[in-house]
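*Asks:* The lines below spell out each chain.
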Amino acid sequence: MRRLLLKRLLQLVAVSWGVGTLTFILMRALPGDIAYRIAASRYGMDAVDSRAAELVRQELGLDRSVWATYWQWLGDLLQWNLGTSLVSGQAVTGALWHMLAHSLLLALVGILLAALIAIPLGLAAAHWGGWLDRFTLLLSTALRAVPVYVIGLLAVLLFALELDWLPVAGFGTPAHLVLPALTLALSLAAVSNRVVRTEAARVFDAPFYEFARTKGLSSRQAFTHHGIRNIAAPVVAFFGVQLITVVEGVVMIESLFSWPGVGHGLAHAIFARDIPLIQGTALVMGALFVVLNTLVDLACHSLDPRGGQLS
Amino acid sequence: MTLLSKAQRWGAALLSLLLLFAFLAPLLGSGNAATQDLSNILTLPDRHHWLGTDQFGRDMWLRLADALQLSLALALLCVLTSASIGVLLGVLAATGPAWLDRLLDGITTMILALPGLVLVLIFAALLPGSFWMLYVAISLIQWIEYFRVTRVITRRLVHSPEVQSSRLMGFGAGYLFRRHFWPAIAPQLVTLAPFGAANAILTMASLGFIYVGIQPPLAELGLMIVEHFPYYSDAPWLLAQPLLVLALLVLSCHLLGRSTER
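In order, the protein sequences belong to chains S and U.
When we follow the numbering used here, the leftmost residue of the first sequence carries the number 1, and every step to the right adds one.
When we follow the numbering used here, the leftmost residue of the second sequence carries the number 1001, and every step to the right adds one.
Bear in mind the hints are in silico, worked out from the structure with no lab data behind them.
Only a predicted model underlies this, so the values are computations on that prediction, with no experimental measurement involved.
All C-beta atoms in this analysis are idealised placements derived from N, C-alpha and C, irrespective of residue type, glycine included.
A hint or two may mislead.
[Said to hold, decoys possible] Beta-carbon label-pair distances, calculated as ranges:
(1) U:Asp-1234 <-> S:Arg-220: 54 to 62 Å
(2) S:Arg-2 <-> U:Gln-1215: 27 to 35 Å
(3) S:Ser-218 <-> U:Ser-1160: 46 to 54 Å
(4) S:Ser-50 <-> U:Ser-1084: 44 to 52 Å
(5) U:Leu-1024 <-> S:Gly-130: 52 to 60 Å
(6) U:Leu-1017 <-> S:Phe-271: 50 to 58 Å
(7) U:Asp-1101 <-> S:Val-13: 16 to 24 Å
(8) S:His-127 <-> U:Leu-1017: 55 to 63 Å
(9) U:Asn-1040 <-> S:Arg-134: 38 to 46 Å
(10) U:Val-1152 <-> S:Val-291: 23 to 31 Å
(11) U:Ala-1186 <-> S:Arg-306: 49 to 57 Å
(12) U:Leu-1024 <-> S:Arg-28: 44 to 52 Å
(13) S:Ser-218 <-> U:Asp-1101: 18 to 26 Å
(14) U:Pro-1128 <-> S:Leu-74: 24 to 32 Å
[What the hints assert, rightly or not] Computed list of chain S residues with no C-beta within reach of chain U, every gap over 12 Å:
(15) Pro-120
(16) Glu-162
(17) Ile-228
(18) Ala-233
(19) Val-236
(20) Phe-238
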C-alpha cells in the first residue's frame, strides 16, 4: 500500500517536472523574438514596436541565460507561482481554480451518468442475453469507432438544432450541462457496459453463485450478497483504465461546448500560445489524473482487500 | 494464428477497400484536391465530382482520398516505430541488467502520469501543424504498451528450461530472440497494433478538431468535419462523408484487433 502511494507521489513530481520543462522548451522554441510574440498577443499585432517588446523583455526577464531562466522557472513552479497569463494578464492560479470547478462538475456528472447507463444495461445484457446483448454490442462498437467530439456533434445536431430542446453551447444553467455530460457519459458507457456485461456473466456462471442459488437464496439475495461485490471489483479497476478517456474527453468536449473548464483553457492557451496558461492547465490535468488514479486504487483495495492488483 | 476470425476477416476486407480508395481514387478522378471552384460550391455528387464539392468547390472525392492517405500514413508510421522501439526495449529490460529495467520502468511511469492527449497537445504546440511532431508525440506514448507486454512475456520466458538450455549451448542474443522471444511476442502484436493504429488516427482527428493538428488547406478527416459543420443544413452529405470514412477506418482497425478466441 505504502509503495503504491509513494509511486503515485513520484508520478506527481514527474508530472510537474515534465510539464514545466516541456513548456519551458516551448517558450524557448517559439520562432522569432519571444518578447515580440508576447507583446503581439498582448497588445495586438498593430501595436507592437520595439519599446513594447523591451518592456515585455524586462518584465519577464527574457534577457538572461537559458539555464538561469530554467532554474528560476522550476523554482517558481515549486512555489506554485505559475505567473500571469500572457494574454489576459490575470494570475494563472486564480483562473485555474475557476476552470477546475467547472471541469470537475462536468467530469463528475458525466461519470455518474455513465454509471447509470452502463451498469443497468450491462447487467440486463448479461441476464437476458439474446437481442439485447447483440444490440448493446452493436451500439458500443459504433460509438467506439468515432472520436468523442463526433458523438457531441451528433448530440448537438439532434437535441439542440433539430429538436431545439437544449442550448447548443455555453454554461450557466443546468440545461447547459446536459449535452456535454451526456456526450462524456456515452463515450464512457460505450466501453464500460460491455465490461459490466462480461463480469456479470462470469459471476452468474460461477460455481459459487450457483451454489448460493441452490442453497435456497432468492435471486435477489444471491445478487446482493454474492453478486455485487464480485462484479464491482473488476469494474472499478477498469474504471481506472477509463480515466484517460475521461481526461481526454474533457478536453474535447469542453472545446466543443465552450464549457469554461481546464480542457477548454488548455486548447485555447495552445491556440494563443499563452505559455503560462498552457503550463498551468497541463499541470492541473496531469495532477488530477494522478489523484484520480490513486482514488481508484484505494477503491479497488477496499472492494477486494485480498490485494493482487495492488503492486 | 494463421486463421483469422470472422471479425478480423471483415476488418481486413474493410481496410483493403479503404486502402484501394485512398490510392486508386486520385488516379481515376482528374484534377487536384486543392483546386478551388467558387462558382461551383456545395454541389451534389455528379459526373464531374463523384462525391460533390465542398464549401470552396474542391472535389470531395480527391480530398477524401488525400485525407485517408494522411491518416493511414500516420497510423502505419506510429505503429511501426512504437512497436519496434517497444519490443526492443522490452526484451532488453527483461534480459538486461536490473538497473536498465528500473530505469525504463521509471521512464514509463513518468510518461503514463500525463494523459496522452495532453502530452500530444503540448508537443503540437511546439510546432503547430506539423505532421512529424504529431508522429513523434503519438509514438512517444504508444511504445509503452508494446514495451510492457514484451517485457512481461520475455521475463516469463527467460527462466524457462528451453531458453536456459539454448543459453547453455552458447546461442547468442539474436538467436534467442528469433527462436524463443519473437514467436511468443508476435501474436500479441497482432492485437496491439490495430488498436494502436486506431488510436493514432483518432488522436490526429481530435487535434484537427481543436485546430492544433494539421492545418488547412491540407485535407485531414477531423479538420474536414469541423470545416463542414457550419454547412450541415445546406449540405448534410458533405458533413457525413468525412464522418463516415473516419468511422469506417477506425472500425476496420478495431475489427482487425479482435483476438481470435472471441
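*Asks:* Evaluate each hint against the coordinates.
*Replies:* Hints versus structure:
The supplied range of 54 to 62 Å is met by Asp-1234 of chain U and Arg-220 of chain S, whose beta-carbon atoms lie about 55 Å from each other. For the hinted restraint 27 to 35 Å between Arg-2 of chain S and Gln-1215 of chain U, the CB-CB distance of approximately 48 Å leaves it violated. Evaluation of the 46 to 54 Å hint for Ser-218 of chain S and Ser-1160 of chain U yields a pass: the beta carbon distance comes to about 49 Å. Range check, Ser-50 of chain S to Ser-1084 of chain U: Cβ separation about 50 Å, and the 44 to 52 Å hint holds.
Taking the beta carbon of each, Leu-1024 of chain U and Gly-130 of chain S are about 42 Å apart, not inside 52 to 60 Å as hinted. At roughly 36 Å, the beta carbons of Leu-1017 of chain U and Phe-271 of chain S sit outside the given window of 50 to 58 Å. Hint check: Asp-1101 of chain U to Val-13 of chain S, Cβ distance near 21 Å, so the stated range 16 to 24 Å holds. About 38 Å separates the C-beta atoms of His-127 of chain S and Leu-1017 of chain U, a value inconsistent with the hinted range of 55 to 63 Å.
With their beta carbons about 45 Å apart, Asn-1040 of chain U and Arg-134 of chain S fall inside the hinted range of 38 to 46 Å. Distance hint for Val-1152 of chain U and Val-291 of chain S: a CB-CB separation of about 27 Å, consistent with the stated range 23 to 31 Å. Between Ala-1186 of chain U and Arg-306 of chain S, the C-beta spacing of about 34 Å breaks the proposed range 49 to 57 Å. Our hint of 44 to 52 Å for Leu-1024 of chain U and Arg-28 of chain S holds, since their Cβ atoms are close to 45 Å apart.
Take Ser-218 of chain S and Asp-1101 of chain U: their Cβ atoms lie about 52 Å apart, and the range 18 to 26 Å is violated. Between Pro-1128 of chain U and Leu-74 of chain S the beta carbons are some 25 Å apart, a value that agrees with the proposed interval 24 to 32 Å. Under the 12 Å C-beta cut-off, the non-interface status given to Pro-120 of chain S relative to chain U holds; the minimum distance is some 24 Å. Some Cβ of chain U comes within 12 Å of the Cβ of Glu-162 of chain S; the nearest lies about 10 Å off, and the non-interface call is violated.
Once the 12 Å rule is applied to beta carbons, Ile-228 of chain S is consistent with being away from chain U; the minimum gap is 26 Å. Every Cβ of chain U is farther than 12 Å from the Cβ of Ala-233 of chain S; the closest lies at roughly 22 Å, confirming the non-interface assignment. The Cβ of Val-236 of chain S sits about 19 Å from the closest Cβ of chain U, beyond the 12 Å cut-off, so the non-interface label holds. Non-interface call for Phe-238 of chain S relative to chain U: holds, since the shortest CB-CB distance, roughly 16 Å, exceeds 12 Å.
The structure fails hints 2, 5, 6, 8, 11, 13 and 16 (numbered hints given earlier, in ascending order).
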